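Number of protein chains: 2
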Amino acid sequence: MVGELDKWMLMATARAPTNIAVIKYWGKRDETLILPINDSISFTIDPDHLSATTTVAVSPSFQEDRMWLNGKEISLSGGRYQNCLRELRNRAGDFEDKTRGMQIRKEDWKKLHFHIASYNNFPTAAGLASSAAGFACLVFSLAKLMNVNEEIGQLSAIARQGSGSACRSLFGGFVKWTMGNQANGSDSIAVQLVDETHWDELVIIVAVVSSRQKETSSTSGMRESVETSSLLQHRAQAIVPNRILQMEESIKNRDFSSFARLTCADSNQFHAVCLDTSPPIFYMNDTSHRIINIVEKWNQHEGIPQVAYTFDAGPNAVMIARNRKTATLLLQRLLFYFPPSPDHDLNSYVLGDKTILQEAGLESLNSIESLEPPAEAKANVSSQRHAGDVSYFICTRPGKGPVVLLEDDEALISSQTGLPK
Amino acid sequence: MVGELDKWMLMATARAPTNIAVIKYWGKRDETLILPINDSISFTIDPDHLSATTTVAVSPSFQEDRMWLNGKEISLSGGRYQNCLRELRNRAGDFEDKTRGMQIRKEDWKKLHFHIASYNNFPTAAGLASSAAGFACLVFSLAKLMNVNEEIGQLSAIARQGSGSACRSLFGGFVKWTMGNQANGSDSIAVQLVDETHWDELVIIVAVVSSRQKETSSTSGMRESVETSSLLQHRAQAIVPNRILQMEESIKNRDFSSFARLTCADSNQFHAVCLDTSPPIFYMNDTSHRIINIVEKWNQHEGIPQVAYTFDAGPNAVMIARNRKTATLLLQRLLFYFPPSPDHDLNSYVLGDKTILQEAGLESLNSIESLEPPAEAKANVSSQRHAGDVSYFICTRPGKGPVVLLEDDEALISSQTGLPK
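From first to last, the protein sequence lines are chains A and Y.
According to this note's numbering, the stretch in the first sequence is residues -4 to 416, in order.
According to this note's numbering, the stretch in the second sequence is residues -4 to 416, in order.
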């Protein structure tokens, strides 16, 4: 299909955030429906910094469903895509545009094909939950296009079938994914605990850690943990339910100390279960360990937690600072221990909300060079610096859920050709 | 005290091995008596390669108990030394040497003082259970000197009060430390499962891994795990008892596949519990992980386990090869991935039983240089080489328990001065 479309085309474009779990999801009780063995809680990341944007288009000219991710065509034949497309087509509504004389009846959607273009505003391979943002955005934008008349919680159950944690990306703020009891997964959905304005002091710094190791995918990793870890079921049944209640309380009360304690403990326990898997799975590396030690020593030195950390299925650290002041102190520490390597400029080393860099007084490579070791380093940790061990940092904050983008220039598909712009 | 002794002196010298747990001890139910929360099983390492040698001397000339470790005087004031000395003095027997006209009645031992000199035939700081060998040797040699009339199991309960795992070093072969039920610890003793001749095909290769990290001591680490890990009690109560039974069976039947599966799983679970501790404890580093991946990929490639691995409270790998042939193949792999750094000679890089090096055809740095990547590397792991990440290797085997050394030149204390030679 080259050149102009010979028939009408409809489009919808949306942007959906990624999310980071603070009580972790690890282990499925149903591989096809993607039903978890425990509840999980996440926060949504500001889509300005970490999000997927997706345009979905439909036209009688399209011969088959096609998708392009970051400009490259990918296959939609996988079960996860197929499940999402089927579930949404089953729930499609009637569409009518009288000014353009267009009408699609709900049963027609099954005969029509989609073109889907998506891109992430962050490196896909960096291990930053790109599939969560991607599937949330796919489901959200298709639901808009097809006039799906469902609550967002029901859409989350569809996104869940694309990528488990994608269901949590359908809301902003703090989100709980309830595991549910139904065999068909209809009650395994995301619910918003609080929106992004409830606890707006929090600041997030992500350290994207350099790694040459090929990592175990989270899909195969959690399958192996379910099959071989003797600690996993105990965690899911005896530990997580109580942590979920405590985490909900600490979020409700904006109790950072409790939030930090639970977040760190649950991240570490998730990685403990990975290590208890056979063969063992190592997602964290020496740099990840070093970051944990830096945060732990600092928290210990201050007497109350300043920063929480959490690690997903990779070596990257996601750190949550109590407030902006703490975030600047954290960034000073991080840049002291992990200065950019000589070939880096600061602008490409600290991404996202760069105002924190200014507040930290770190606007040049020289100012990083001349950072003093933090107070707690003298007593406790080595003040060795490790240039090159972190690829870059992203400064961000908790943010809102998916939104529809209405401007033509935000669409990723050309209305002339029906193909990615 | 300089110059000649003015009164008689009696001496005893012994050598005791170190041991490596295959079902791990981690967590005390009584900190003073050193009573564990679960049974553990270890093998004893050939004392030719990893052992402590200790001379204990007694003389009316000695004014106080004194000890020298590796030539340097250390304090005996700690509770662990005091407990061992008190328990042994309480059990001392009468001593009589008619030819020299010497007699010590059992009650006299409480008034006499000891000089103790000990050294390890391996680096103390390398994290190779030097305290286990040391306390086993201290207790064994003092028991000989004082004519303590107790079974070796009862001596193990005394050594346990010096360093928990020391109790297992009082026997050769495979040894079980039963946790016991008594509050006074009298039934928390070591028992030999089989002696060192039962499974004499096994070959041990230890990789001493370079590390600049200051490590958490096992004493404080296990205390923190008991206090903060929510997985530890589940492991001790619900998982270890069954693993102990399976491990006893696999040792009895020389079932290497089962032995390897249990050994690796239990090492990984111990480190999982460390990671589940708050703050988390990391004993393994990237090199440790790399060694695990190399062994796991090879075992997977061969279909049945060739090698088991286990890691104590540090980054060093202890690998157990099925037999000598497997050990040579393992050494080829290890030297392929971890060649000596340029400033090393092979003689100081592979220690212990060097005949395995010959059998592996690796008698020169050139032969290591020209090693091919192993077959399984092509499909699965990177064949990147990491010179300098391992400090050295030790080739050894399971070995016998403590022995008395009778030759004068083996004594570490001078019969003239009463001081270390």
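It should be emphasised that the hints constitute simulated quantities derived from the structure, not laboratory data.
Nothing here was measured: the structure is a model prediction, and the numbers come from that model.
Do not rely on the hints blindly, as some may be mistaken.
[As the list claims (entries may be wrong)] No farther apart than 20 Å at their CA atoms in a straight line, the calculated lysine to any residue pairs in the SDA-like style are these:
1. Y:K106 x Y:F90
2. Y:K292 x A:S215
3. A:K292 x Y:D25
4. A:K101 x A:E146
5. Y:K292 x A:E146
6. A:K292 x Y:T223
7. A:K292 x A:A370
8. Y:K292 x A:G216
9. Y:K2 x Y:K320
10. Y:K106 x Y:D89
11. A:K395 x A:D195
12. A:K416 x A:S56
13. A:K106 x A:P118
14. Y:K247 x Y:D195
15. A:K292 x Y:D195
16. A:K247 x A:E145
17. Y:K292 x A:E210
18. Y:K292 x A:P274
19. A:K395 x A:E405
20. A:K139 x A:A370
21. A:K292 x Y:S215
22. Y:K320 x Y:G216
23. Y:K292 x A:P337
24. A:K105 x A:D89
25. Y:K292 x A:E222
26. A:K320 x A:P274
27. Y:K292 x A:K101
28. Y:K292 x A:R218
29. A:K292 x Y:E210
[What the hints assert, rightly or not] A few chain A residues that face chain Y, going by a derived Cβ cut-off under 8 Å, partial list only:
30. H229
31. Q232
32. A267
Glycine is no exception: its CB is placed at the ideal position from the N, C-alpha and C atoms.
Each hint, compared with the structure:
Between K106 of chain Y and F90 of chain Y, the direct Cα distance comes to roughly 14 Å. Compliance with the 20 Å bound is thereby established for this hinted pair. For the hint pairing K292 of chain Y with S215 of chain A, the CA-to-CA distance comes to about 16 Å; that is within 20 Å, so the pair holds. Distance hint between K292 of chain A and D25 of chain Y is unfulfilled; the C-alpha atoms sit about 28 Å from each other, more than 20 Å. For the hint pairing K101 of chain A with E146 of chain A, the CA-to-CA distance comes to about 18 Å; that is within 20 Å, so the pair holds.
The straight-line distance between the Cα atoms of K292 of chain Y and E146 of chain A is roughly 47 Å, outside the 20 Å bound, and the hint therefore fails. The suggested pairing of K292 of chain A with T223 of chain Y holds, with an alpha-carbon distance near 17 Å, which does not exceed 20 Å. This hinted pair checks out: K292 of chain A and A370 of chain A have alpha carbons roughly 10 Å apart, not beyond 20 Å. A C-alpha spacing of about 16 Å is found between K292 of chain Y and G216 of chain A, which places the hinted pair at or below 20 Å, so the restraint holds.
Proximity of K2 of chain Y to K320 of chain Y is assessed by CA-CA distance (about 56 Å); at most 20 Å being required, the pair is judged violated. Proposed proximity of K106 of chain Y and D89 of chain Y is supported: the alpha carbons are some 14 Å apart, at most 20 Å. Of the supplied pair hints, the one linking K395 of chain A and D195 of chain A holds, its CA atoms being roughly 11 Å apart against a limit of 20 Å. Taking the CA atoms of K416 of chain A and S56 of chain A, the gap is near 17 Å; set against the 20 Å cutoff, the hint holds.
Taking the CA atoms of K106 of chain A and P118 of chain A, the gap is about 35 Å. The hint is violated against a cut of 20 Å. In summary, the hint linking K247 of chain Y to D195 of chain Y is supported, as the alpha carbons are separated by about 13 Å, within the 20 Å threshold. For the suggested pair K292 of chain A and D195 of chain Y, the alpha carbons sit about 47 Å apart, so the restraint of at most 20 Å is broken. In summary, the hint linking K247 of chain A to E145 of chain A is not supported, as the alpha carbons are separated by about 27 Å, beyond the 20 Å threshold.
Proposed proximity of K292 of chain Y and E210 of chain A is supported: the alpha carbons are some 14 Å apart, at most 20 Å. Pair hint K292 of chain Y plus P274 of chain A holds up; C-alpha atoms about 9 Å apart against a cutoff of 20 Å. Under the criterion of a C-alpha separation no larger than 20 Å, the hint pairing K395 of chain A with E405 of chain A is consistent with the structure, at around 18 Å. Between K139 of chain A and A370 of chain A the alpha-carbon distance is near 53 Å, which puts this suggested pair outside the 20 Å criterion.
Proximity of K292 of chain A to S215 of chain Y is assessed by CA-CA distance (about 16 Å); at most 20 Å being required, the pair is judged to hold. For the suggested pair K320 of chain Y and G216 of chain Y, the alpha carbons sit about 37 Å apart, so the restraint of at most 20 Å is broken. For the given pair, K292 of chain Y sits about 36 Å from P337 of chain A by alpha-carbon distance, which is inconsistent with the 20 Å threshold. Distance hint between K105 of chain A and D89 of chain A is fulfilled; the C-alpha atoms sit about 12 Å from each other, no more than 20 Å.
Between the alpha carbons of K292 of chain Y and E222 of chain A the distance comes to roughly 19 Å, so the proposed pair stays at or under 20 Å and holds. As the CA atoms of K320 of chain A and P274 of chain A are separated by approximately 42 Å, the hinted pair breaks the 20 Å bound. Among the hinted pairs, K292 of chain Y with K101 of chain A is inconsistent with the structure: their alpha-carbon atoms are about 52 Å apart, more than 20 Å. About 18 Å separates the Cα atoms of K292 of chain Y and R218 of chain A, which keeps this hinted pair within 20 Å; it holds.
Taking the CA atoms of K292 of chain A and E210 of chain Y, the gap is near 14 Å; set against the 20 Å cutoff, the hint holds. Hint on H229 of chain A holds. Least Cβ distance to chain Y is approximately 5 Å, under the 8 Å limit. Hint on Q232 of chain A is violated. Least Cβ distance to chain Y is approximately 10 Å, over the 8 Å limit. The beta carbon of A267 of chain A comes within 4 Å of a beta carbon in chain Y, closer than 8 Å, and the hint placing it at the interface holds.
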